[in-house]
Amino acid sequence: MNTTLTVGAALGTVGLLLMPTTTVESEPVEIDWALHGEAPSTVRNETVFHLPGRTSMLVAQRNTYVSSNAVVKTDHKSEEVRAMSKRINHLRTLSDGWVGRGSIAPSSVVLSWLEAHTELLSTVRGASLIPLEDGSVALRWEHENLDFTAEVRPNMTLYTLIDDIDSDDLEEHVEPLTDQALSRFLATHSPV
Amino acid sequence: MTEPDSYPLLTDTDEVLLRQVHPDQMQVTGVPDSSAFMAKQPHNYLLSTRRAAVGAQRAYEDWTVDHDSAGTYGISVGEIDAQGLSAFDDSDDPAMPEGHASVDFRGISESQSKKRARRLRDAAVARGRLHPSDT
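Each protein sequence line maps, in turn, to chains A and B. Here the first sequence stands for residues 1 to 192, numbered as in the numbering used here. Here the second sequence stands for residues 1 to 135, numbered as in the numbering used here.
Bound-form chain B, shown alone (with noise of 0.2 Å):
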């Protein structure tokens, strides 16, 4: 595997990444828990997300042939940079699917961390479910 920090860094701020969110969890008020947006020692503090020309409805069918999700929701690399976070294109990884990213947590605070997935969860709530779509 490549070290992460030799992948190149997403800088278009528009590009909405793709990420799944797992029925368990979503709150019971409807929206996707922080914890959803957030990456935690067994990832290697990387947030997997695809890439926004995978489409959404893709990533949840490739996603869901393997794992359960409750939809795919966006984040893009300009909320992603708002929160002081990285996203590189680790494609190249083989053990990766085409079109993958990732969301650098690495040396972030554990509370921090925290505090940065839950805005990222906001803007992905704001943004709404992509697929199935909500509409």
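So here's chain A without its partners, still in its complex pose (with noise of 0.2 Å):
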């Protein structure tokens, strides 16, 4: 615990309100919330702030810091959803041509069905969305000297691939995309 007056700065006219403080370690997002019953020495992930006396919430800056008088609430989505879905959307940017003559940037299609699963897609630890010069993006990791794929394509089906690192082997499969596809393929296949 710290205290200081620079939540100041993050908070405006109430920060001469708090005393106490806590470090806060994320960015700010609008969220559903409900109230705490009291506030964590450390505030993680997605914050708001709803203050004594006060009926309004506050959005916090990463690296900012309130009150620990301030009742906090943690958004359910994980670091790993929201880092998923800012990542959709930055490839939403790629423009056809962007690795070269002929390349066709990531399908509206396939970008808006990612969207749709983000929370399904954060569930692989350490998973990299990948797009590639046809318009499709892959989830790629590995785990365990296996290399794994699932690619989404225009065309909606979905390819995977396991790839063994220390032999030849491979098992590849295309099939329609569907949720219970993806699901499945990452169920069985994901980092515990």
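By construction, these hints were calculated from the structure, which means they are not laboratory data. These numbers were taken from a predicted model, which means no experiment stands behind them. Errors might be hidden in some of the hints.
[As the list claims (entries may be wrong)] Here chain A is said to cover these stretches of chain B; the calculated rule only asks that three of the stretch's residues, wherever they fall, bring their Cβ under 8 Å from a Cβ of chain A: (1) 13 to 25; (2) 42 to 51; (3) 101 to 115.
[As the list claims (entries may be wrong)] What follows is a list of derived Cβ distance ranges for each label pair: (4) Ser190(A) <-> Asp93(B): 42 to 48 Å; (5) Asp14(B) <-> Gly100(A): 23 to 29 Å; (6) Gly97(A) <-> Gly107(B): 22 to 28 Å.
Beta carbons: idealized from backbone N, C-alpha and C, even for Gly.
The two chains are supplied separately, each in an independent frame; assemble them into the complex guided by the hints.
Now the structure itself:
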């Protein structure tokens, strides 16, 4: 716990009300929330603050401070979900030709589907969402000397590949893109 | 455009071909994704590289005039050969820049292309980024 007045910079006029402080480690975000009973000493993830005696909510900035007198509520969305959502939005900024003549930007159909399944995609620890030159987007990760690919394609198919890094073994599969197909592959092969 | 099969194959196994990796082809672990070392249908299954004589810095600078790059990575002709692939110099193609070479993925199944691309990526990562230098 710190004692600081720097909170005023983040929270405006209410800053002077606050004495003991706690570090906020997340970016501001609007969330659905319910009140906690008491403030934790360390605030993580998406956080809003309900100040005693006030009806308004405040959203704190990363690395600023807020009073431990404030009632703190943490969003259920994890950092992983937020990062994945941010990544999908970023992929929308790519345009045709992004990796040279003939390359195709990630398909809007693919990105919309991925966006609707952000939480599912976020369950794979350490996975990367990689755009491919044909408009597909691949979720890629390694686990126990296996390289996994789950590729969502503009023709709404799911291509999966398990590449054994230590041998010539490969296992690939193509099927219609469904929630169940992706869930099954991720559930079977995600790092625990 | 001259047919790719008429271009001279590269035979110096020590020559390191230069490949640009787009920032969005970098994995969260900080290494290039294998897709950066594989060519699919939009590129006629030919992976675009520059020859060693061009130099990693110039290859990077040429490319970043119109595109983004996380850096120049290198794969040797020997490493390409080891994957059962070939590389040829197609600098004579008017559409290609000076010192251009292509790695030929034509006729390779998709799964095999991905495995071979992953191995080329591993070789490039082991060599380290050539420009900007990591050291």
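Coverage claim, chain A over the segment 101 to 115 of chain B, checked by counting residues with Cβ within 8 Å (three needed): It holds: at least three residues are needed, and the segment 101 to 115 of chain B offers 5 whose Cβ sits within less than 8 Å of chain A.
Coverage of the segment 13 to 25 of chain B by chain A, judged on three or more residues with CB within 8 Å: Coverage by chain A holds here, the residue count being 3 at a Cβ distance below 8 Å.
Verdict on chain A covering the segment 42 to 51 of chain B, criterion of 3 CB contacts below 8 Å: holds (count 4)
Consistency of beta-carbon spacing, Gly107(B) to Gly97(A), with hint 22 to 28 Å: Holds: the Cβ-Cβ distance is about 26 Å, inside 22 to 28 Å.
Supplied distance hint 42 to 48 Å, evaluated on CB atoms of Ser190(A) and Asp93(B): holds, 44 Å
Cβ distance range 23 to 29 Å for Asp14(B) and Gly100(A), holds or violated: Between Asp14(B) and Gly100(A), where Cβ atoms are some 26 Å apart, the hint holds.
No hint from the list above goes unmet by this structure.
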